[in-house]
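Since the structure of chain A is provided, determine the placement of chain B on it from the hints.
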Amino acid sequence: MRTPVIDDLLTRLRTEVPDCIAAMAVDVRDGALVASRGAEDAAADVVRELFVHTRAVTCAFRSADDADPQEVIMLSAGRAYVCQALKQHPGIVAAAVSAHTANLGMLLAVMRREVAAVEGDA
Amino acid sequence: MSASPEVRETNRFDRLCVLLETIDELHAGQSGSLSFGSASQGIVLVQSGRVCWAASSMMPTRLTDRLRHACTLSEHSLQLIFRDCRASGTPFGETLVERGIVSFDVLRTALLQHNAETLLQLAGQPAPQWRPAKIEQYDPSLTFTSAELLAHSADGWWGPLAAAARDELRAALRDRHAVGLSFLRAPETADSIVPVGFVGTDDLSAREMLAIGRAAERAMQSCSAAGGRLVASTRADGRTTVIWIDDGAYYVAFGDDRSEMAFIVAHLSRRALE
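Respectively, the protein sequence lines represent chains A and B. Residue numbers 1 to 122, in my numbering, belong to the letters of the first sequence in order. Residue numbers 1 to 274, in my numbering, belong to the letters of the second sequence in order.
Source of the hints: derived by calculation from the structure; they are not laboratory data. Just so you know, not all the hints are guaranteed correct.
What follows is a list of derived Cβ distance ranges for each label pair [unchecked claim]:
no.: 1; chain 1: A; residue 1: R112; chain 2: B; residue 2: S35; range: 54 to 64 Å
no.: 2; chain 1: A; residue 1: T3; chain 2: B; residue 2: A28; range: 31 to 41 Å
no.: 3; chain 1: B; residue 1: D203; chain 2: A; residue 2: E119; range: 53 to 63 Å
no.: 4; chain 1: A; residue 1: T101; chain 2: B; residue 2: D167; range: 21 to 31 Å
no.: 5; chain 1: A; residue 1: T15; chain 2: B; residue 2: D14; range: 49 to 59 Å
Which chain A residues face chain B? A few, computed with CB under 7 Å, are given here [as the list claims (entries may be wrong)]:
no.: 6; residue: E49
no.: 7; residue: T58
no.: 8; residue: A60
no.: 9; residue: P69
no.: 10; residue: A77
We put the CB at the ideal spot given by N, CA and C, even for glycine.
For reference, chain B alone in the conformation it holds in the complex:
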């Protein structure tokens, strides 16, 4: 019996984790490209250790398709701008922002989702070849960490659930000084967890995010027999870790201040005990 489409996708997600760890660890801080198969099959451009562009011949959705939904221009008009940019070597996305066709936030979100979903597609291919190159023309704010890409790679089929988990995380942490992460549960994957969001940090790696998610899953599994839904652990210096499960998702928060974390626990405990 063949695997369902969702199972095939989640197996590819496991391979994406390996691909992102490759970028983080083997080529940390470097610039260059990862080429998949023949030159036309797929490519990932990396600038100073951050992914700036990913393209795959197998991707049915292009960046222009995503942007067309966010602006009033026709596909034809967008294609004309795209060709002009390619001919002149001007970055396409930045040109759209400069001309007021899309906002910066819309562009960044579209680019992040495009790159994340393309990487997920490419992760199913045989191992790519790394070629160092001088890549420095991309706006750093439009390049992405492995954790950002990992957290958005599942949006293609878990988008609404992932968005709900991100909203729950933001609502729980609000403006508290804490780092938070959210994960969906996916029992058919090797790890059973899918990272979908994080707040309060810019320097999280895919490996770190996965390690936290795996450990959090084990922690919640270990207390599932006792019906545990929230666990808070405080060290002698006051640094606190809170793990909770809600509506099929795992959440983890780290904070240095015991009283700040107490607010989070109080907020969550009202629901955990309902």
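If we strip away everything but chain A, and leave its shape as in the complex, we get:
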């Protein structure tokens, strides 16, 4: 479900997140790319898979049942994905993809700040 709030968030992520290559909103229930700033469908699939499979790992430990991820990071040799579930938009995840040279702490801090701003937590 694309909304002006999501569009505004992606624009801010694309400009504020260090070394940002792409920003997107993904419906992790079906992997649909809800909105994008430079991201392709394949990136949406990666985000969905990250949420589904890390949830499964968490569930496997002590049979945790409340395992829905709030934040997921993926690091590769060339990219860093930082993803945040949006509380005001159930099932929708905002994600920013940066070059691997970006400072991870800064990525997380900016992502949390921008998401909190549009979610009304700031």
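The following block gives chain B in isolation, referenced to the frame of chain A:
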């Protein structure tokens, strides 16, 4: 074409998982024995749900062989002590520790590897028969959980790689308050993963360890197209799961404290991004 020795061993490893799950679930907390085939073929003694002794007529290596390498006594001298212990009903390993012949840690490691590798051998046999019995004479610290046995069962042929994976796990977690697990990748097995180590918990079951390993493998496979080498997932309450792959092994860490886990991610990310 016949299967290679390694493939035959890994198929047996898959059966070991089933055997250990049997001990954990069908006989949870119970004491008794699992008898394989005829009485002389093999036996596993279980005390309060933990394996204390496993013996197989097909095992080429005996516990005394393992201990002989760790002490200065001759095989003959060890055999004499072993016979005395058997005649008097005294536990052999504890006797060696009491007499200062081996340290407790050496005994425990030798006993763990002996039991784990014997179970792996026995897992290739038809399903055993369970006989409840009153077994209470073993020192509880010399009995083993299914997860410990599972994590050491592959040492016979993957020992150096398994030891390296355990070292990597300990180095990554250091003194952080986290539970960690390590797995080797074995594409020829049904599960493609072989659990080889864990830290930070005493109450992990073989089933739980396998379930975590299988899920972690799927998670890393799912992001392999994007070159993913490390994934960290945090819940709203701060509890965090970190999965990473390094040098052919999978690792998983669970922690309750977001900041504690951030140290682990920071340490690992420097290498993941190299």
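Against the structure, the hints come out as follows:
1. R112(A) to S35(B): 54 to 64 Å: Distance hint for R112(A), S35(B) holds at roughly 59 Å.
2. T3(A) to A28(B): 31 to 41 Å: For A28(B) against T3(A), whose Cβ atoms are near 51 Å apart, the range 31 to 41 Å is violated.
3. D203(B) to E119(A): 53 to 63 Å: The hint (53 to 63 Å, Cβ to Cβ) is violated, given that D203(B) and E119(A) are roughly 38 Å apart.
4. T101(A) to D167(B): 21 to 31 Å: 29 Å, holds
5. T15(A) to D14(B): 49 to 59 Å: 52 Å, holds
6. E49: 4 Å, holds
7. T58: 5 Å, holds
8. A60: 4 Å, holds
9. P69: Holds, about 4 Å.
10. A77: Status holds, d = 5 Å.
This entry does not satisfy hints 2, 3, going by the numbered hints stated previously.
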